Amino acid sequence: MATQNRYFLYFLLSFFNNHYPSKSSQLIHVFHGRRTPSILFKVENEQLFPAFGLFKELKKEHLEHYLQKLCSKNLLQGSEEEGYLLTSLGYKSLTQYFENKKYPEAIRSLENATLRNSFYLQIQLVSQIFSEKRYDNKKYSPSIKEPSDQESVKAWLSKQKKPMDQLALQWATELYDLLLTFAKEEASMIVGKLTGHDIIGKTNRQLAESLEMESVELNVRLSNTFEQLIIQARASEGLLLNDFVTYLDQRTYFGLSKSTYDTYLMVNEGYSVEQISEVRQLKLNTIREHILEIYLVHPDFNFQPYIPADQYERLKMAFEQNPKYSYKQAKQDYEDLMFMWFRLVEIERIRYGRENARADTL
Amino acid sequence: MVEKTLEQILYEKFNYKTFRSGQKEAIQAALQEVDSVVMLPTGSGKSICYQLPGYIKEGLVLIVSPLLSLMQDQVEKLKSSGERQVAALNSLSSRNEKRRIMKNLHKFKFLYISPEMIQFDFLMTKLSQLDIALFVVDEAHCISQWGMDFRPDYLKIGEAKRKLNHPTTMALTATATEQVRSEIKQSLDIDSIETREIIHSVDRSSIKLKVEICEGNKKDRLKELVHQLESPGIVYFSSKKLADEMASVLRTELGIRAESYHSDLTIDDKIKVQQQFIDNSIQVICATSAFGMGIDKPDIRYVIHYHMPSNPEMYLQEIGRCSRDGKEGIAILLFEQGDQYLQIRLQENSLPDESLLEYIYKYHHKIKQEQTDPKVQIAQFYVNASIPYRVALHQIQTRERLKKEQLEYMMNYLFTKGCKRAYLLQYFDESITVKPERCCSQCTADLETYFFDDEEDKLVVKSETIDWRVRMKQLYKLDEESMN
Chain A
1 MATQNRYFLY FLLSFFNNHY PSKSSQLIHV FHGRRTPSIL FKVENEQLFP
51 AFGLFKELKK EHLEHYLQKL CSKNLLQGSE EEGYLLTSLG YKSLTQYFEN
101 KKYPEAIRSL ENATLRNSFY LQIQLVSQIF SEKRYDNKKY SPSIKEPSDQ
151 ESVKAWLSKQ KKPMDQLALQ WATELYDLLL TFAKEEASMI VGKLTGHDII
201 GKTNRQLAES LEMESVELNV RLSNTFEQLI IQARASEGLL LNDFVTYLDQ
251 RTYFGLSKST YDTYLMVNEG YSVEQISEVR QLKLNTIREH ILEIYLVHPD
301 FNFQPYIPAD QYERLKMAFE QNPKYSYKQA KQDYEDLMFM WFRLVEIERI
351 RYGRENARAD TL
Chain B
363 MVEKTLEQIL YEKFNYKTFR SGQKEAIQAA LQEVDSVVML PTGSGKSICY
413 QLPGYIKEGL VLIVSPLLSL MQDQVEKLKS SGERQVAALN SLSSRNEKRR
463 IMKNLHKFKF LYISPEMIQF DFLMTKLSQL DIALFVVDEA HCISQWGMDF
513 RPDYLKIGEA KRKLNHPTTM ALTATATEQV RSEIKQSLDI DSIETREIIH
563 SVDRSSIKLK VEICEGNKKD RLKELVHQLE SPGIVYFSSK KLADEMASVL
613 RTELGIRAES YHSDLTIDDK IKVQQQFIDN SIQVICATSA FGMGIDKPDI
663 RYVIHYHMPS NPEMYLQEIG RCSRDGKEGI AILLFEQGDQ YLQIRLQENS
713 LPDESLLEYI YKYHHKIKQE QTDPKVQIAQ FYVNASIPYR VALHQIQTRE
763 RLKKEQLEYM MNYLFTKGCK RAYLLQYFDE SITVKPERCC SQCTADLETY
813 FFDDEEDKLV VKSETIDWRV RMKQLYKLDE ESMN
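Going line by line, the protein sequences match chains A and B.
No gaps in the numbering here: position 314 of the first sequence is 314 in the numbering used here, and each next residue is one more.
No gaps in the numbering here: position 276 of the second sequence is 638 in the numbering used here, and each next residue is one more.
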């Protein structure tokens, strides 16, 4: 394959498998981060997490062009109408390529999908504020100009009880210690982006050049590294960065869309689908889609109250007997079946199957 | 006494000891509650003209500004100089921010709003209840059909002014012909006789003008020029791809610290490039027209246009970023036969044609409001503003014709055998009063050689590898003691 865009082509190839055909018309929605239940399900089912919302500017015709390119190399087979599948040569090439290149493995769920962008921008602003504070400088131009990001950071800082100079030092040392657990390249990416006193952060192009990466590789790796930072920060209770992530989690609706989050709040208070629909004056189906979104984003969400116990048992058994059990079959087996019930159990079974497969490899 | 006070305030608030040409007249007009049209050249400190009266007069200074980035930049500058009562209300403002601003409208001294905001009756009603000290229309040429950046939203400004009970108005621009200025006055409903016109020449004598006709060697010429000229400089392109490509060529082949700048850059990287340019870590920016607004770097020594801009106003705006420190600099326009077709194509894609306009008038209720195609957006604006189809069509056709004439003017500028400066000024109904030394490439042979960098070697620079530990320690002044 041509050297230019090599990483991108293999990265793209990694979103295909030999079971579920994918079309550019579906994948483009994944890359654009579209939050419909069917796209979110596709992401979960085919483990497309690193792709979700990663290339928001990618145009469908360009994606089609790249897929054609992969087909011409016999790495993919199929067509736009039927969808594309990974060939055995594709699988082999993919495995070989990522033996020497890092694959973004930190992005394993949709949980941080709404948080990522705010975190990426606002951590840069917080870091700059603290850096300038360390030098007692008040006159500087913020590195992030979006009013909503500035407002958010300001609100977070005003919540802190310690004086700013203490916070600045705490932030610096905690971040330093946390980065010690990262690989050198990853730590360089994060620190390289930061602007502070007398230091201007690097652009993606400059970072890619200094780390000798293709620009797409840098973008993908950067997104993976910041995800890693979110995960580490979330796991480190007591750290200022942990508080920052918790704060942003709230502001970005815990990975959900705003409307789904409003439903989620009512779910937590024990409202039924019908009650939520009535209070929020939304269609029943919309609320059901919200329930699905909640479960797709938060695997630990208890969906049992939203499916009759007998239906749950019946569907679970059907999936155990036939993992490819389809909605069409299920509907034939039980006419009054609701799609939401089917999908909830289907997602649970997919996850269960994956867990088992992982356990078997141990 | 008054003059002394003005100068004191200028020093206290803006840290300048003297006014630049035109500023004081504009401020006095505002203080005397006389409407004004203020045309001052690029980089001459137009914002002081309305900000300073704000510190003297009671009430709100309301500024309509079409450029979001510029608006943000002004707010940031005011805040950093200690002004707290300032805000910007535009499409980027979050819901919370909008709420906060609406709640505190009466407390602000300066409020920047984007033109689309004046369509919200709720906001206009609230504003009409306040004491408006000054109503400012920044980049006022956008009001005019004849201006380079005509914005349909600006058509509503006259109406907004009426809703606000005709406050004292100041229309600001850097580049407007007499025709444009006349339309500004008309649209803003300001009395032609009573209005004070503070018109200063668009001419910036410190910027020397050169045109170079290339024949298949434009890329090579660009490389030679960037290599020879004293940096920092800006090279403008009409294509993002070419801006990237040439920045890469300049870096890899000549070892020049060059970066590209256009709309594909991430939001944070745009700021990084701007800041690196301002602090001289970058020598050359290869940019599209997206770069420059709000960049106040005094020592830019050259602006090269790899592609010709579509009109003289835009050309003056873009070269106006050069030589703000008053020292000499050079603006070079490179041209190759065929370049004009790129502009013609871009123009064809900027306005709706008759059939599209007719279609949208007929089926507007079926078309979603959030369209990305600017042609559709313009047509939708006319429909939404209830402007009759015939009037809309006439305005669009007039604008199309005008764009063609402006491009023709640029073509004539390229090939004129006379003084380039005189020809460019003629477009603005001006003539040269004092001919500057090294005026243009027609008046001075080998003009560019005066701007060559004497230092022979330009080091090959590669992005340095980052030692993250060292950088963290620098960022946060960390030493052994602070880390324990």
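Please keep in mind that the hints were generated in silico from the structure rather than gathered at the bench.
Predicted, not measured: the structure shown is a model, and the values here were computed from it.
Errors might be hidden in some of the hints.
Restricting the straight-line Cα-Cα distance to at most 27 Å, the calculated cross-link-like pairs of lysine-lysine (DSSO-like) are [what the hints assert, rightly or not]:
(1) Lys547/B with Lys602/B
(2) Lys379/B with Lys441/B
(3) Lys839/B with Lys138/A
(4) Lys460/B with Lys379/B
(5) Lys139/A with Lys580/B
(6) Lys471/B with Lys547/B
(7) Lys59/A with Lys632/B
(8) Lys184/A with Lys419/B
(9) Lys154/A with Lys603/B
(10) Lys59/A with Lys603/B
(11) Lys728/B with Lys60/A
(12) Lys60/A with Lys632/B
(13) Lys101/A with Lys184/A
(14) Lys441/B with Lys471/B
(15) Lys602/B with Lys419/B
(16) Lys159/A with Lys460/B
(17) Lys602/B with Lys258/A
(18) Lys602/B with Lys69/A
(19) Lys728/B with Lys139/A
(20) Lys730/B with Lys59/A
(21) Lys581/B with Lys602/B
(22) Lys689/B with Lys138/A
(23) Lys92/A with Lys69/A
(24) Lys73/A with Lys101/A
Going down the list of hints, with the structure as the test:
1. The hinted pair formed by Lys547/B and Lys602/B fails the criterion: a straight-line CA distance of about 37 Å is larger than 27 Å.
2. A threshold of 27 Å between alpha carbons decides the hint, and for Lys379/B with Lys441/B the separation of about 20 Å falls inside it, so the pair holds.
3. Taking the CA atoms of Lys839/B and Lys138/A, the gap is about 16 Å. The hint holds against a cut of 27 Å.
4. About 37 Å separates the Cα atoms of Lys460/B and Lys379/B, which puts this hinted pair outside 27 Å; it is violated.
5. Taking the CA atoms of Lys139/A and Lys580/B, the gap is about 43 Å. The hint is violated against a cut of 27 Å.
6. Using a Cα cut-off of 27 Å, the hinted pair Lys471/B and Lys547/B holds, with the two alpha carbons roughly 25 Å apart.
7. Between the alpha carbons of Lys59/A and Lys632/B the distance comes to roughly 22 Å, so the proposed pair stays at or under 27 Å and holds.
8. A hinted pair counts as satisfied when its Cα atoms are at most 27 Å apart, and Lys184/A with Lys419/B does not qualify at roughly 58 Å.
9. With a C-alpha separation of about 37 Å, the suggested pair Lys154/A and Lys603/B falls outside the 27 Å cut-off, and the hint is violated.
10. This hinted pair checks out: Lys59/A and Lys603/B have alpha carbons roughly 16 Å apart, not beyond 27 Å.
11. At roughly 25 Å between alpha-carbon atoms, Lys728/B and Lys60/A fall within 27 Å of each other, so this suggested pair holds.
12. Restraint check: the Cα-Cα separation between Lys60/A and Lys632/B comes to about 25 Å, which is no more than 27 Å; the hinted pair holds.
13. At most 27 Å may separate the alpha-carbon atoms for a hinted pair to count; Lys101/A and Lys184/A meet this at roughly 15 Å.
14. Between Lys441/B and Lys471/B the alpha-carbon distance is near 12 Å, which keeps this suggested pair within the 27 Å criterion.
15. The straight-line distance between the Cα atoms of Lys602/B and Lys419/B is roughly 45 Å, outside the 27 Å bound, and the hint therefore fails.
16. Distance restraint check for Lys159/A and Lys460/B: the Cα-Cα separation of roughly 21 Å lies within the 27 Å cut-off, and the hinted pair is therefore satisfied.
17. Between Lys602/B and Lys258/A the alpha-carbon distance is near 35 Å, which puts this suggested pair outside the 27 Å criterion.
18. Note on Lys602/B and Lys69/A: the hinted pairing holds, with a Cα-Cα distance of about 24 Å set against a maximum of 27 Å.
19. A distance of roughly 51 Å separates the Cα atoms of Lys728/B and Lys139/A; the hinted pair therefore is violated under the 27 Å criterion.
20. For the given pair, Lys730/B sits about 20 Å from Lys59/A by alpha-carbon distance, which is consistent with the 27 Å threshold.
21. For a cut-off of 27 Å, the pair hint linking Lys581/B to Lys602/B stands: about 15 Å separates their Cα positions.
22. Between Lys689/B and Lys138/A the CA atoms are separated by roughly 31 Å; this puts the pair beyond 27 Å, and the hint is violated.
23. Note on Lys92/A and Lys69/A: the hinted pairing holds, with a Cα-Cα distance of about 17 Å set against a maximum of 27 Å.
24. The suggested pairing of Lys73/A with Lys101/A holds, with an alpha-carbon distance near 20 Å, which does not exceed 27 Å.
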